[in-house]
Amino acid sequence: MTESVFSADSVPMLALGYRFQWEPAQDCFVLLYPEGMVKLNPAAAEILKRIEQKKQTVAELIAELKVAFDGADLDDDVYQFLEEAHDNSWIRAE
Amino acid sequence: MTTAGSEQNKAPGSTGGASGMNVRDAIRQPLWLLAELTYACPLQCPYCSNPMDFANVKKELTTEQWLTVFRQAREMGATQLGLSGGEPLTRPDLVELITEARKMGFYTNLITSGVGMDAAKVAELKEAGLDHIQVSFQASSEDLNNLIAGTDAFKHKIEMAKAVKANGYPMVLCFVTHRQNIDKIDEILDLAISLEADYVELATTQYYGWAMHNRDQLLPMKDQLERAEAIAHRYQDEQHGNMKIYYVVPDYYEERPKACMNGWGNVFLTITPDGTALPCHAARELPGMTLPNVKDSTIHEIWSDSNDFNRFRGFDWMKEPCRSCDEKEKDFGGCRCQAYMLTGDPANTDPVCSKSPDHHLILEALEQGRLEANKPVMEQKPLVFRNPKNSKKISGF
Ligand code: SF4
Ligand code: SF4
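Protein chains in written order, with the working numbering: chain A, 1 to 94; chain B, 1 to 397.
FYI, nobody ran anything at the bench for these hints, they're computed from the structure.
Beta carbons: idealized from backbone N, C-alpha and C, even for Gly.
Treat the hints with care, since some could be wrong.
Computed footprint of chain A on chain B; a stretch qualifies when at least three of its residues, placed anywhere within it, have a C-beta under 8 Å from a C-beta of chain A [what the hints assert, rightly or not]: (1) 71-83; (2) 103-116; (3) 177-188.
Every beta carbon over 10 Å from chain B, so not counted as near; a handful from chain A, in silico [claimed, not checked]: (4) Q21; (5) E23; (6) Q26; (7) M37.
Computed, partial: chain A to chain B, Cβ under 7 Å [unchecked claim]: (8) M13; (9) G17; (10) A25; (11) L32; (12) P34.
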């Protein structure tokens with residue numbers, strides 16, 4: 001991977017034209033974008049849901065996830081996901 | 001105007017391999033609904049893929065009928081809604097259709113020439129919840145010259161492209177290339193850069209409908225393509241991280257066909273202005289179609305049970321060389337409509353494939369195009385423009 005885009009105080013946002021929603025027919029959360037769709041696994045959905053719900057820093061996002069998932073050690077996973085999601089142009093950093 | 005699903009690579013947060021819409025799931029769903037709202041269009045592009053006899057279609061679906069189609073498709077899992085035509089902006093109920101589609105949870109894509117749009121309209125569409133606008137520079141070569149010269153005729157279009165961006169949409173421009181304009185792609189790309197476009201699609205003319213009729217005049221020459229490709233790649237490098245450029249090679253110059261519609265009756269559903277349901281927008285012209293209509297049947301019945309949608313599903317219908325070919329899951333034997341138009345049998349291998357015994361037809365078409373291109377201008381066949389008058393004349397009604 002190239003150099004990282006996200007740090008503790010950057011604010012991840014959905015990229016322009018991307019929409020996050022629940023798809024009953026797929027039985028999962030998805031990202032919709034011009035002429036396409038990605039089905040999300042539960043972990044990705046938990047992160048993107050929070051990105052979509054409110055503007056917050058990565059540190060705040062991780063804190064929130066820790067509360068929701070019994071203090072699990074998930075920092076690295078979150079950062080890794082954010083970088084990959086950014087590589088795929090799903091999200092941008094503010 | 002036509003549109004195709006884009007590809008999504010396997011991505012980190014996506015469920016085990018099943019990313020994107022181009023997956024052949026065991027259960028097929030009409031994920032992509034293309035609503036050709038109308039055949040009315042202020043332009044007359046000679047490479048339009050609408051059927052030659054479009055002027056025969058008098059009665060368009062009503063607002064209520066369209067909304068029923070949307071609802072039924074949505075229930076079956078459709079997420080992407082393409083609104084095209086003709087020119088969709090000529091439908092007075094466009095805003096209402098978008099508002100309702102958005103409420104149903106569709107991702108709404110408007111595919112427009114921009115003619116008939118003004119800044120207030122863009123704002124209104126945004127307000128209605130429209131997700132994405134693709135402005136197609138669908139113009140004859142003469143208009144294209146105007147465009148590049150920046151004359152009044154295209155000022156409007158350019159203003160529209162800017163209004164699209166000002167309303168918070170990514171600016172997605174589409175240019176359909178062919179022999180008469182492909183030499184200008186550097187100028188086209190410069191224009192896109194000056195407009196600060198986010199995506200530029202250099203689409204290739206697909207030889208259906210009007211484009212097929214004008215094929216001799218539209219097929220690009222090999223040296224033109226080589227030049228265009230080199231230019232496209234140079235701009236891709238220069239614009240990396242800024243403007244995304246998609247460049248598509250015309251399949252007549254390929255050795256393998258495109259994976260048409262990601263497989264017949266697999267993810268795509270087209271509804272024409274009069275309510276005919278098609279597995280692909282050109283399929284109306286195939287022999288032996290029953291042409292189910294949404295006025296008589298539900299989307300579910302059409303998708304699951306109709307002859308048309310089952311006809312070329314899977315692999316059992318295939319003939320040789322496709323049947324025993326190990327690439328069939330990649331390209332599904334190519335395009336049924338192209339196989340029919342060129343060989344007379346829609347179940348044949350798409351002649352674009354070099355394994356097809358009919359591949360010489362493609363080479364002959366290219367040769368014929370070359371002969372035509374080399375004639376003195378005065379002797380060249382004129383382009384036939386897509387308009388109701390020509391439609392009636394050619395289809396003989
Ligand atoms: S004439 Fe041109 S703009 Fe109108 S529907 Fe055909 S391709 Fe589209
Ligand atoms: S023979 Fe048929 S399946 Fe094989 S590559 Fe050609 S078109 Fe595709």
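Ascending list of hint numbers which this structure does not respect: 3, 4, 5, 6, 7 and 8
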